[in-house]
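Chemist: Here's the letter readout for the chains.
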Amino acid sequence: MAGSETRLVAGEGRGVSRREPRSGLAVALWATLKRDLLLLMRRRSEVLNPLVFFALVITLFPIGISPDPQLLATIAPGLLWVAALLAALLSLDSLFRGDYDDGSLEQLLLTPQPLPMLALAKVTVHWLLTGLPLALMAPVLGIMLSLPAGSYLVLAFSLVLGTASLSLIGAIGAALTVGLSRGGVLLSLLVLPLYIPVLIFGAGAVQAGIVGDGAAAHLAILGALLALALMLAPWAIAASLRISING
Amino acid sequence: MTLSLQARKLACERDDRWLFEDLDLDIQAGEIVRIEGPNGSGKTTLLKILSGQLADYQGELYWNGAPMREARQAFLESLLYLGHAPGVKGALTPLENLTWYQALAGQRDNEAARLAALESVGLVGFEDVPAGQLSAGQQRRVALARLELTPRPLWVLDEPFTAIDRDGVAALEERLIVHARAGGCVLVTTHHELRNTDELRRVHLGRGGQSHGGF
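Taken in sequence, the protein lines are chains A and B. In terms of this note's numbering, the first sequence opens at residue 1 and continues consecutively. In terms of this note's numbering, the second sequence opens at residue 248 and continues consecutively.
Mixed in with the good hints there might be a few duds.
Said to hold, decoys possible - Stretches of chain A that chain B covers, calculated by requiring three or more beta carbons in the stretch to come under 8 Å of a beta carbon on chain B: (1) 25-32; (2) 37-50; (3) 96-105; (4) 110-117.
To be verified - Computed Cβ-Cβ distance ranges for the label pairs, DEER-style: (5) Gly379/B to Asn246/A: 27 to 33 Å; (6) Ile196/A to Glu374/B: 46 to 52 Å; (7) Arg44/A to Asn443/B: 50 to 56 Å; (8) Leu189/A to Glu268/B: 34 to 40 Å; (9) Lys34/A to Gln275/B: 37 to 43 Å; (10) Ala338/B to Ala217/A: 54 to 60 Å; (11) Leu230/A to Ala359/B: 36 to 42 Å; (12) Trp235/A to Gly337/B: 27 to 33 Å.
In case anyone wonders, no lab produced these hints; they're calculated from the structure. Note that CB positions come from ideal geometry on N, CA and C, so glycine has one too.
Next up, chain A with everything else stripped away, as it sits in the complex:
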C-alpha cells in the first residue's frame, strides 16, 4: 500500500506525455488479439463446433440426395457456400457474449483506446478461428461432392475473402444483440439479409471456376465487399456495442 503516492505522480506524468498513443494502441490491439486467441484455444469445443457442423452437413448431402457425381457437382458450389455461411453464423452469438457476461465488455468500452480498432481485433480472432479453417476445410469436402478439379483454389480463396466479410457483418449483429438474453434468432434475422450478396458472389465465383471463366470478376467483387466491410463495420460494431451497454 506504500508508494502509492509516487505511483500517482507517475500516473500523472504519463497523462502529460501521452502524445504517443500509437504505440499504446498497438500494445492494446496485440494484447487483445493474444487474449482472445488464448481464450478460444482453451475452449476448443467452441472452435470445433462450426467446423464439425460444416463437415456433417456436407457429408450428409450425398447420402441424402444421390451419389451421382454429375448432380453433386452441379449443386456443390452453392451447397459448400451455404453450409460455410451457416457454420459461421452459428459461431457468432458467442463473439461478445462472454465479455458481456463477465464485465470485460464494460472495461473494453471504457479504455482510452479507440473502440472500433479493438472490436476489429476481436473480429480478426473470430475469423482466424472460424472463417479461415472453414476455407481450408472446404476443398477437402469439395472432393466428397466431386467438385471438378480446377475449382478448389477458387473455392478456398472465395471463402477466405467471403468469411472475413461474414465475420465483420455478423459482428454488427452480435454487438446489437449481446444485451438480449436470447438474441440468437434475432441475430440470424438481422444478419442473413446482409449475407446474401456475399453468398451470391461467393458461390458465383466457384461456379465460374468450374466453367473456367470469369472467376476473377467474382473474386474482385468479394474483395470489394470485404474492403467496404473493413471500412464501415468496425465503426458500426463500436456503435452497436455502445447501444447494447446503454440498455
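Dock chain B against chain A, hints included.
Modeler: Using the frame of chain A, we list chain B on its own:
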C-alpha cells in the same frame, strides 16, 4: 493534481420512475464520495452515468471544467472503473487477466508490475491458477489488483467490497484513504459502513426507491 467531476441537474428516469432528479454533484481531488441508498435507488445507474457509460440521462457532466462530450478522451485516461461484474476471465490466470488490462491502459508489458499488484491484493501463489478455479472473493481481488497496476486518479468502484473477507475489506478501505490523501478521488457504492474520515463524503439517493425499511 487537480481534478474535478461535476454534475449539474442530473436526472435519470427508468421505467416511468425518476431515480434521481436535479442532482448536483461536485467531486474534487482528495475526496472519497460514497453513494448511499436502498436497493433499486439508482446507485449503479448513477455510477455508470458518472463514468460515461450511459448516455440516457438529463443534465450536464463536466470533467475539469470542460463538458464531458469534449473531455471524454482525457476523462477516460484518468478513470478506473470496477463494475458489479469483476471483468475477470475464468479461463485465464490472474496474471493473464492483468496482462490484458495493463495493455488496454496503454502500458508496456511488465510482469514485475503485475506480480507486485497481485501480491498487494494477497494472491501470491495463485498467479498461474485459472481464475475460474478461484473463489468469488479471490476473483474480486484480481480485479482490485488493477488499482495498483494501472494508476489512475479517479476511481469509480461499484460494490468493491463484495465477497471480500474482513482483512481484505480493512486493507481496501485503507487503500481508498491513501489514494484520496495522495490527491486521487474515489467514487464508491457499498453497503459496508466506511470509517469516518475527513476525506469521506456521502451522497444519499433514495426518494425514488420504492422499498424503504422492511426487508
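Chemist: All hints are to be evaluated individually against the structure, with a verdict given for each.
Modeler: Cross-check of the supplied hints:
1. With a threshold of 8 Å between beta carbons, the proposed coverage of the stretch 25-32 of chain A by chain B holds, since 6 of its residues qualify and at least three are required.
2. Chain B is given as covering the stretch 37-50 of chain A, and this holds because 4 residues of the stretch bring a CB closer than 8 Å to a CB of that chain, at least three being needed.
3. Coverage of the stretch 96-105 of chain A by chain B holds in this model, with 5 residues showing a Cβ closer than 8 Å to a Cβ of that chain against a need of three.
4. Coverage of the stretch 110-117 of chain A by chain B holds in this model, with 4 residues showing a Cβ closer than 8 Å to a Cβ of that chain against a need of three.
5. Separation of Gly379/B from Asn246/A is about 29 Å and conforms to the stated range, judged on CB atoms against 27 to 33 Å.
6. Between Ile196/A and Glu374/B the CB atoms are about 49 Å apart, so this pair conforms to the stated range of 46 to 52 Å.
7. Range check, Arg44/A to Asn443/B: about 53 Å between beta-carbon atoms, so the 50 to 56 Å window is met.
8. Distance hint check: the CB atoms of Leu189/A and Glu268/B are about 39 Å apart, consistent with the given range 34 to 40 Å.
9. For the pair Lys34/A and Gln275/B, the beta carbons lie near 39 Å from each other, so the given range of 37 to 43 Å is met.
10. Range check, Ala338/B to Ala217/A: Cβ separation about 44 Å, and the 54 to 60 Å hint is violated.
11. Checked against the hint of 36 to 42 Å, the pair Leu230/A and Ala359/B passes, with Cβ atoms roughly 38 Å apart.
12. Restraint check, Trp235/A to Gly337/B: a C-beta distance of roughly 31 Å satisfies the suggested window 27 to 33 Å.
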